[in-house]
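Line by line, the protein sequences give chains A and B. Each residue of the first sequence is one higher than the one before, starting from 58 at the first, in this note's numbering. Each residue of the second sequence is one higher than the one before, starting from -6 at the first, in this note's numbering.
No wet-lab data here; the hints were simulated from the structure. Take the hints with a grain of salt, since some may be wrong.
Calculated lysine-lysine pairs in the BS3-like style (CA-CA distance at most 25 Å, straight line) [unchecked claim]:
id: 1; chain 1: A; residue 1: 108; chain 2: B; residue 2: 272
id: 2; chain 1: B; residue 1: 166; chain 2: A; residue 2: 108
id: 3; chain 1: A; residue 1: 138; chain 2: B; residue 2: 141
id: 4; chain 1: A; residue 1: 138; chain 2: B; residue 2: 221
id: 5; chain 1: B; residue 1: 221; chain 2: A; residue 2: 108
id: 6; chain 1: A; residue 1: 120; chain 2: B; residue 2: 51
id: 7; chain 1: A; residue 1: 108; chain 2: B; residue 2: 358
id: 8; chain 1: A; residue 1: 91; chain 2: B; residue 2: 310
id: 9; chain 1: A; residue 1: 109; chain 2: B; residue 2: 436
id: 10; chain 1: B; residue 1: 436; chain 2: B; residue 2: 358
id: 11; chain 1: B; residue 1: 140; chain 2: A; residue 2: 138
id: 12; chain 1: B; residue 1: 140; chain 2: A; residue 2: 132
id: 13; chain 1: B; residue 1: 287; chain 2: A; residue 2: 138
Note that this is a predicted model, so its numbers are computed, not measured.
Single-letter residue listing:
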Amino acid sequence: MEIKKGLRYAKTHEWVKVEGKNVRVGISSYAQEKMTDIVYVELPEVGREVKKGDELGVLESVKSVSEFYTPVTGKIVDVNKNLENSPDLINSSPYDDGWLVVLEMKDETEINELLSAEDYEKQISETA
Amino acid sequence: MNYIPNLEFKEEILKEIGIKRIDELFSDIPEIVRINRLNLPDGKTEMEVKKEITCTLKKNKRTLSFLGGGIYDNYVPSAVKAIIQRSEFYTSYTPYQPEVSQGMLQAMFEYQSMIAELTGMDAANASMYDWATSVAEAVLMCSRITKKNEFIIPKNIHWEKKSVLRNYTKGAKLKIKEIGYDEKTGEINLDELKSTINDNTAGVYVENPNFFGVLEENVADIKNIVGKTLLVVGINPLTLGIIKPPGEYGADIVVGEGQSLGSPMNFGGPLLGLFACKKEYVRQMPGRLIGMTKDSDGRTAFCMTLQTREQHIRREKAASNICTNESLCALSAVAYLSLLGSDGLEKIGKELVSKTKFLADEINKIDGYKAPLFNSCHFNEFVVKTKKDTNRIHKRLLESGIDAGIILNQHFPELGNSMLCTVSETHSKEDMLRLVDALKEVKDV
């Protein structure tokens, strides 16, 4: 299980990659492994404004259904449409092809409130 | 399921769980609310019970009934009863375990396939409680899909359906708006539909045939007005051998009452809520869904599917709080539809239309009666309007063993003295003429 360095993580297992004013969001490899085979993804509409911690969408695996949340406040500018037909991308490539949404940040300082890869690793080793 | 009494092991069981007397199990219930004994008469022998029940049943009167309005007295072939009474079906419990329930699961899969095909939808669930709960769940589903909170229904649907709808949508804070019917045809008032629909409308519900038995001719216009808003259509499945399935005129969700497919009226239940939708909405569909799959040896097998929408997995975020279905009634529907086939369904539909027309025309000939009240095509029921007091007419006819139908005065005061008369294929020409003659004889009301 890989915890990719250089990304920021939320306690609820989303990763965040800063791309200028935007952030790309996905779920960690730890989370996809726990969920097992993901069969369906419900994504939010582009243009919606969200506050940090709001529900963004739903991931459905053969065993469970989980919500995923936005790690930052902002506006949704893109969603990964490939997931509609290939939700398994989240399992096979959680940090690249399996990204979920891109948000335009309202307050860039919120990034500092998120966990580093090391702290996230510590969190999951404590709960494991 | 078999009932296996374990009384001979009572002492052993008590010892195992560490108590002396059974009463100790109830120690959490306060003394004050407990009762020592029920004031019941002594037990009776089988023979005595049988005698008593037979005497009570003799008090029942068999009437010639023209009741309908959602539950219908269509003939149930004996083969349907024989099939559903097989103990593998009759006593089987909820089919959560596919390894022991293949027969029931396959039957439910066949049921879903037939309902989907009949309605022109992509998928049907394994049934809801009844038509009313199907409508209510469809309204909630439209709101989940569109994230909007207003819904439009026709004024002329059964009042009990409206009551169930109010119960289901109260917590979700949905606003239900009613639109009227055309005074001449009894069909949806299209102008009212046009002016009521707005950006907050999650969906529109129409019935075809509607509560007055009227078949909607303007389905294409309705779809045009509804546009991208969701269209929910309520149906009587017996019509679908002769009229277009709602899937062909743009329905997104189809609901209906399946009782007429092989279940008796039973004084109002159990019923069978039909529920089908387009594939794109299947994850928002309430209730159980049976899917076809392959087992570990590659053989065709059946199992419950998309259960992650459901309460036992998704808890408070479930698509619906329904945790069951009407398996036995759905099984009756499968048996019934299989026996009828598409030819049979067409034949029964045509027979109902022509018998309904015959009865309406005959009643219309009686002085002081108008039938059907609405100038349009009717399926198996129609509104009769009269200058006389319908309550008294109904009472008088009951005395001579005829239930003339549902009195509408109270529920649709704008119609004045009116009744809803329903015909089934069990009514012979003589039966219908008996009603006509009885109506003629009632003069002094």
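Right, here's what the structure says about each hint:
no., hint, result
1, 108/A to 272/B, "violated (32 Å)"
2, 166/B to 108/A, "holds (24 Å)"
3, 138/A to 141/B, "holds (24 Å)"
4, 138/A to 221/B, "holds (22 Å)"
5, 221/B to 108/A, "violated (29 Å)"
6, 120/A to 51/B, "violated (55 Å)"
7, 108/A to 358/B, "violated (70 Å)"
8, 91/A to 310/B, "holds (20 Å)"
9, 109/A to 436/B, "violated (76 Å)"
10, 436/B to 358/B, "holds (15 Å)"
11, 140/B to 138/A, "holds (20 Å)"
12, 140/B to 132/A, "holds (18 Å)"
13, 287/B to 138/A, "violated (29 Å)"
Hint violations for this structure: numbers 1, 5, 6, 7, 9 and 13, all remaining hints satisfied.
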